[in-house]
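Here is how the chains run, residue by residue.
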Amino acid sequence: MRAFFDMGGYAAFVWPAYAVTLAVVFLNIFWARRALARSRQEARRRLQMQGEAS
Amino acid sequence: MDWTWFHKLASPPHVYALAVRLTPWFAWPAALCIAAGLWGGLVLAPPDYQQGDGFRILYVHAPSAWMSLMVYVTMASAAAVGLIWRMKVAHAVAASCAPIGASFTFAALVTGALWGQPMWGTYWEWDPRLTSELVLLFLYLGYMGLRAGIEDPQRADRASAVLAVVGVVNVPIIHYSVTWWNSLHQAPSVMRLAKPEMPPAMLVPLLLMLLGFTLFFVALLLTRLRGEVLSRERAASWIREVIRT
Chain A
4 MRAFFDMGGY AAFVWPAYAV TLAVVFLNIF WARRALARSR QEARRRLQMQ GEAS
Chain B
201 MDWTWFHKLA SPPHVYALAV RLTPWFAWPA ALCIAAGLWG GLVLAPPDYQ QGDGFRILYV
261 HAPSAWMSLM VYVTMASAAA VGLIWRMKVA HAVAASCAPI GASFTFAALV TGALWGQPMW
321 GTYWEWDPRL TSELVLLFLY LGYMGLRAGI EDPQRADRAS AVLAVVGVVN VPIIHYSVTW
381 WNSLHQAPSV MRLAKPEMPP AMLVPLLLML LGFTLFFVAL LLTRLRGEVL SRERAASWIR
441 EVIRT
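If you read the sequences in order, they're chains A and B.
The first sequence begins at 4 in the working numbering and counts up by one.
The second sequence begins at 201 in the working numbering and counts up by one.
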């Protein structure tokens, strides 16, 4: 187990590389969902305004 | 040839519904492939005879670099379709690609730097491969900045599409930079016509990661595309139905 985390002495490079990539993966999930939620909210607001106008 | 499928792709409600239905079919296989690829790359693959365990950065670096290029080609192709056929959905696809591509280009640059330090003795060098990849990041950021800077969505679509299409010249430069010039970066060992030079225990996790990231990209693209399509449609009755659910 110790050897696994030590990565043959390359731990300081291997783990940050994996951390950055996985962070980008999870941030992309978060950003994509947030972008969709915002567009839906905006569309809802537009529809409401149209409803009031007519 | 029957072109109905193509015409259907120009219809926003059809695309929206299709994106809703398809997303899980890409997202879950992507999660499985990436999980298996990580396990294979970190645990099962043997250490490299020259780079020891340091080579394991390959399993996050190569898929990120692959994404940076593949997403750009997708974005430029969609932009070209949008310009040629004046197809709103195609512009929506291109706009959805940019933030995904930019973030993975960033990941490719950072993981590359973290690999460069122990193997080449430097985080950064103004080397053809590294420089052209940095230019790719600026292309993505320029594309996003241009879109954000133009108020009228149709003009933003067209102007940014021109930038995306012109910028595609950088893609072959990145890919062939290691063969055209004397680069610090190693030559391709998987993406080549001859047989790959890796043993299966090293190669299979890499292929799983590449496949997983590609599927993940499609799932992200479909999610973002729904938002882009919604924001481009004004006063269409189908919107009323999709935002209620």
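For the record, the hints were derived by calculation from the structure and aren't laboratory data.
Please note that the accuracy of each hint is not assured.
What the hints assert, rightly or not - With the C-beta cut set under 10 Å, the calculated list includes, among others, these residues of chain B facing chain A:
1) P229
2) A236
3) G240
4) V273
5) T274
6) G312
7) R347
8) Y376
9) V378
10) W380
11) T414
12) L415
13) R434
What the hints assert, rightly or not - Among chain B residues calculated to face chain A with C-beta under 8 Å, some are:
14) Q250
15) I257
16) S277
17) A280
18) V281
19) L283
20) I284
21) F306
22) A307
23) R424
24) R426
25) E441
From the three backbone atoms N, C-alpha and C, an ideal C-beta is built for every residue, glycine too.
We went through each hint and held it up to the structure:
no.: 1; hint: P229; verdict: violated (15 Å)
no.: 2; hint: A236; verdict: violated (15 Å)
no.: 3; hint: G240; verdict: violated (13 Å)
no.: 4; hint: V273; verdict: violated (18 Å)
no.: 5; hint: T274; verdict: violated (15 Å)
no.: 6; hint: G312; verdict: holds (9 Å)
no.: 7; hint: R347; verdict: violated (13 Å)
no.: 8; hint: Y376; verdict: violated (25 Å)
no.: 9; hint: V378; verdict: violated (20 Å)
no.: 10; hint: W380; verdict: violated (27 Å)
no.: 11; hint: T414; verdict: violated (13 Å)
no.: 12; hint: L415; verdict: violated (12 Å)
no.: 13; hint: R434; verdict: holds (7 Å)
no.: 14; hint: Q250; verdict: violated (12 Å)
no.: 15; hint: I257; verdict: holds (5 Å)
no.: 16; hint: S277; verdict: violated (20 Å)
no.: 17; hint: A280; verdict: violated (23 Å)
no.: 18; hint: V281; verdict: violated (22 Å)
no.: 19; hint: L283; verdict: violated (23 Å)
no.: 20; hint: I284; verdict: violated (26 Å)
no.: 21; hint: F306; verdict: holds (7 Å)
no.: 22; hint: A307; verdict: holds (4 Å)
no.: 23; hint: R424; verdict: holds (5 Å)
no.: 24; hint: R426; verdict: holds (5 Å)
no.: 25; hint: E441; verdict: violated (11 Å)
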